[in-house]
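Below, each chain spelled out in residue letters.
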Amino acid sequence: MDAVATGAGNNSLPCPGQAQRDGLCLHSTAQKQQHQPTPPLGRTSTATPEAGAIGRQDRKRKWVGGAGGHAGGGAGAAAGSGAGAGDDAGRAAGGAAAAASARGGRGRRLPVPHAVGRRPAAGGSVDKAWKELSNILSGIFCASLNFIDSTNTVTPTASFKPLGVANGTDHRLLRYAVLPREVVCTENLTPWKKLLPCGSKAGLAVLLKAERLFHSSYHSQAVHIRPICRDASCLAVSWELRQTLTVVFDSFTSGQGKKDWSLFKMFSRTLTDACPLASESKVYVDISPKNKEKQLLEVTPTPTSVHEAIVQGDKTTYAVYDLLSPVLFNTSRSLNVQLKWKRPEDSSELSTPIMHAQRYVSGYGLQTGEISTLIYNTHPYRAFPVILLETVPWYLRLYVHTLTIITKGKENKPSYMHYQPAQDRKRPHLLEMLIQLPANSATKITIQFERALLKWTEYPPDPNHGFYVSSSVLSALVPSVIAMKDVNVEESPLFTSLFPSSDGSSYFLRLYTEPLLVNLPTPDFSMPYNVICLTCTVVAVCYGSFYNLLTRTFHVEEPSRGGLAKRLANVIRRLRGVPPI
Amino acid sequence: MAAAVPAARWARAAAAALLLGCCGAVLAGGIQDQAEQFFKSGHTNNWAVLVCTSRFWFNYRHVANTLSVYRSVKRLGIPDSHIVLMLADDMACNPRNPKPATVFSHKNMELNVYGDDVEVDYRSYEVTVENFLRVLTGRIPPSTPRSKRLLSDDRSNILIYMTGHGGNGFLKFQDSEEITNVELADAFEQMWQKRRYNELLFIIDTCQGASMYERFYSPNIIALASSQVGEDSLSHQPDLGIGVHLMDRYTFYMLEFLEEVHPASQTNMNDLFQVCPKSLCVSTPGHRTDLFQRDPQNVLITDFFGSVRKVEIMTETVSLDRNLTGFESDPILPEFIWLPSGPRAASSPRRWWHHGLTVVLKQPLPALLGCQRMHWQQNH
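First to last, the protein sequences are chains A and B. Position 136 (the first sequence) corresponds to 136 in the numbering used here; numbering is contiguous. Position 206 (the second sequence) corresponds to 206 in the numbering used here; numbering is contiguous.
One chain only, chain B, in its complex shape (with noise of 0.2 angstroms):
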């Protein structure tokens, strides 16, 4: 009747708008979600310290191994400015190498993974442990340079990567000194204190490889080794034509692993940890995750492999300086955020992925500067 129907009515619209309300609450609850993500984290910036301490040209798989995860981790975004490199010794331009300028990581010479734009950090004689140490440690003389820096700060997530030839407790650097498990575990502490990092990954690639995490007491820390206290890590395959082994077998599974990574892929440590079985490692890869305090389920490759920028979205407006220039405004968001231009406003705008959002910047952002305000787009 009269009465009834426009209750219907009433009924049906209010139901409508309920519907409405939730689909509303869903979405603006997935949107939400999707910003949560951002920081779940809690990492604003990467950086890498990639370490080969052999010398001598028959060690070329070390360099190869250092170098092959240098290449993984500038693929997936990570610039030379946050990379440390370190190379005990310099192969590719070695005068025993058949192809000069190149370091290969497979037979038949498929992947010249010294590339053609390397930046090597810390070459030959460099590469010493206190050097080493001086650079997780920032205890750094002054007139360092800054390529030669380790500037992270309590945001920083660190992939600290080191090959060579190690024992039970050790690591040999360049055949005449080893810097040892404890003098390790101190220097991640020191780096704790010293708040120098947010998480840290830490794989190693040598023999006897977990004797070096065993000692670890910082937290935050996620380890890997290629190999169990007793065994031995064995080298992939030689090259008939260059004449020495050119990988090792962890290392060379894991590059294939990475190849497969591009910078918005979801892979987490747990596949990270399985990327070499015994059947084709010959030795038992360990890992450690008890000082960690996150699930590694829900650690993506990419928190450590590759590069982060963070924004954080602001809701109040800035006023602009006059003097600003290479920016324009806007007209769809009417709130809007400006970063400051400085001398280094002549750079061409740089897009990043992440979680399916893209970021448009006009500015590459200082490292040290955690949570940036700045410009962006959305683009769908």
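Isolated chain A (complex conformation) (with noise of 0.2 angstroms):
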């Protein structure tokens, strides 16, 4: 691969990260306008934001040879792009961009790492390029991503779409896949945080301690690559990085019932300075006045500034402080940022999101069940379409002809579907609708599956514990109370959204629902010690009993000679030579 170079030519970029691992640099290539990468990102429902949230920040400079990377971690909002997808032989593994994100919870066991790549090349060369990629990746991140193969990929035809600077949307070059059963643990964020270009050693990132960051209710970390413009003529491409993490405190149940919060208490350490290599190091911090009273929160030191951003459709106050502005470390050398809340806290309840969603699985046995999907629509007055794309593995047989959509008591016929059916052992379901959601309703989704049996190697070592069903997900464009406006990556790279949408009036939101265990018929798998236990038992004792019976030889036998006294006496008769009783 080429790096992208402004002039000098120069082939090789600098790696961050390199001192462990050789040959994993983050290429870019831009020989062709190829298609796009389309990393799917998003927000699940549950993770609303209080007031307290952060929102961080932090640009890195733009590398050697205009490789223009951005380095963006950032919590909540539009996620970005990037995978990093590194090449160790120098072979072309091409513009497949894929966004690899990894979620996990604490309590639930939210998603999982998933990874969509877009391949310019034809065909047969798309699976062979996934597969590589896939492979990397999983060498890259420390997780097990190399179990990625076509049962778990699909090729969405609607749900996703490039991003940046698309040229083409053929949906043949896409794919997409699930691995449900990934745990996302300190493995997984050493790589990531190896990504940034000051390491964990500078900068905000000296926040990220995983003793801190796994003991949360929810987690997550994404990469994603996009090809960008890179400045606003838009003659030349560049591939832009971005690293996400999102992590949600529990500190009302371990701050002892308060939700005040500090960066200390949160991460155990506070921030000392910006890394020397970014060209912009911010923290922000919610502090939006709910109900539009007087500020109900107070957030100490004092802010740098403060800027105000439409966040999907809602008005949001931010208090901004800049690690690079000299006037923040001047009282003391460390920023610790805390909220306090002035009043004992209320009851007040956190809104709802317009559109949340939750799956579940029902019935009973080992035989059949059925998956459940409720969508809600919370809009007071303006129904939306959503994309729903779920795949299920191979083993759950779908019967498509009980799929019912329910809203309101009446059904609701999909405006558009696409449905794959499955393979035994090649592929997985596909099925894509798009469904029109009334205002303020729900919307039940319910399809029936019977469970197939498996061949004894094909279970996992512990297969008592259940087989996951992937989370499917939900895309749709909905609609915002306030006007959004195009936000300039420049200016805040935090607040642009990956997803521009065409007019203000509505934000773009992909929600994953939760994955689904499902138990299967599973063979007793200490059956063979025990058949063969009982197989011989009875052998020996069956055959043996037999052949003893054929084969023994019975004689009549002599009256037996006596008990112990005579045979003494007899012994004493011998000695003195008399004839034996």
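Calculated from the structure, these hints are not laboratory results. Careful, some of the hints might be misleading.
[Claimed, not checked] Taking lysine to aspartate or glutamate pairs in the EDC-like style, the calculated list, with each CA pair at most 16 angstroms apart, reads:
1) 444/A <-> 411/A
2) 278/B <-> 231/B
3) 99/B <-> 211/A
4) 148/B <-> 132/A
Both chains come to you apart, so use the hints to assemble them.
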């Protein structure tokens, strides 16, 4: 792969994190105007931003050679792009940019590493490149992404579109795979941190210590790559790398019942300086007033500025701490952002998001079951359509004739439906539907399935744990109360959406539901041992007895020669020379 | 008299000269010896393959065993790119772990062996007998990433540590398959024939572990086991907060021993053989050195647990490429050796301690090359 170079022809990029890993550099390619990668991203409906959520932004300088690397570490809002598609042998794994994101919850087992990739070359080489990409990513991020193969890869038609500067929309070049069983732990955070220019040694990333990050209700990390215009004239294309980390701390239960938080309480360390390689390094604290009253909360120390933005259709106010401004570290060496609530906490409800969803499995026994998805539209008067993408593994045989979609008691017919049935051991089910959600309604989608019996070699070492069904993806343009305007990437990268909307009346939202856990009929794997024991016992007892019966000959026995006394007497008689009794 | 005095002076001068000469010879011999010591063990790079084969929460101790060896090996200098870590289950982020992202080795949660920068190469379902043997023998599908390969050569010292549940002649992988001692011996023989190791240290901490090294027949292998055939290896102590046993006895005492070792220490293999006497371990640890050519007394712990960078001193000069960046000439040493700069020039210099000589490297060394010509400075 060639590096995008501004004339120097320098093919060799400095590789961040090179010390440990040879050859896993982030290369970019610009030789052709290629199809663009489509990262899936989004937030689940359950992670509602409460007051005090932090948005953090750490924008790194463009790399040598003009390879346009933005590394934005941010929480909350639209996560970005980029795949670390490193290539150790210098092979042209090409413009296969993928978005790899991994999420895991502590209490709930939420999603899973999944990757989306798009490869400009034709047909069969897409699958080959996809396989190579998943292997490389598994090496970089210490995750078992090499288990991605044809049995869990699908080609969605409508749910994903190329992002950034995109040229074509041939959905046949798209691949999407999810691994629901994967765990997110420190070994995935370590290479993620190594992709940052300063690593975790300076800047905002010093806060990222694994022990605090994983002791949380929700943890998600993502890496996205997309091509963007290098400048306003858009004559050349650069690759943008975005890394996001989303963590939901449960400070209420761990903070003695108070909603106050501080950086030190959450991360057990404070910020000391900005990364020297960063062109921007800011901390955003959400201080939006609820109910338009005077400020209920107070942030210390004084922020360097206040920023207003429209995030997901709501006007939010942020207190901004710019680590690069000299006034911030005037008084003390360390920055510990604290938020205190002025009044004791009333039971104010969190606002429900406009669209949220849940999914569950019902049924009894190990023969059949039913998957139900519930989608809620809480907007008071606007209806909007949503695309639902479901990927079900082949061993749950879906009965598509039992698919029902019910809204407010009536049947709701989808305006677009794409179904690709599964092939045993080859590919999973793919179901994509465009469903209209009326205002203020709940839509229930149900489909029944039958469980298959696998071959005994296909069971994992712990089959009684169950088998996972990956989460379904809901993509929608949600109408927003306030008009959204496009934000310039240069000004505030944190608030640019990966999915800019053509008009300001709606914003794009992608939701992932929960993964499901189903039990398959599992054989008793201790049976071979039991069978061997039983068979050997039966054979030994029955056959042995039978053999004895057949082959043993019976003789008439001599009468016994008497007891011990008689024998002793006989001995004495013999000694005396007298004939025995 | 006049002739005698100059003679006496001559004699004194000659004696002094002789003495100086001897001292010089001794000194030179001493430096020569020091330089010789560099090459005694014959290896130029170190690798480690650390395998935990047990699944399920109650086998927490096996993961803790493997991670404590991982921690020691990393601390003593082997980088992550040279460690293949295989953990069959995830304990740190297991929902049953009351302290997420931690794996402790001692009750009272003193030492978190999981650390902050762990890199697990094979995890969960990837730890199978097939993958393990492929890693050892190098018969790996071409798309395998580099971090999952054992890229050793004939000058590599490899440490192989295995732990889990085992029996007489086998080791159980993930409760569903097993590897026998014959297969393991054959894998090592394949490694020997493909020249994939210089010396091998094999440590196993399972029940009846000594049965696993009975069948080895390849040269240059030292094997240690935590128990003899017919004996069980026992676990050390449970933690009431976590609810499971945290470590096995043999590895616990081995970790204690390794915590005392630093990159320049001179502890040798005989100390490792005695790390866990029967009074502490309850089982009888065993070892096997008949296949090894050197005397274990002369084998340093850091030959296997630490990392070595060998320096070959050359006397010829190399003409420099004009496009070299990142190097300054050393005005003190008239003869110098340069390593041509490559795409990875921008790295901070590193130091290694080895036998009391500090070597300052300007660049990280690719693992595959044996001896390197490199720029070095002697710092005393």
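Okay, the hints, checked on the actual structure:
no.	hint	result
1	444/A <-> 411/A	10 angstroms, holds
2	278/B <-> 231/B	12 angstroms, holds
3	99/B <-> 211/A	8 angstroms, holds
4	148/B <-> 132/A	14 angstroms, holds
Going through the hint list in order, the structure satisfies each hint without exception.
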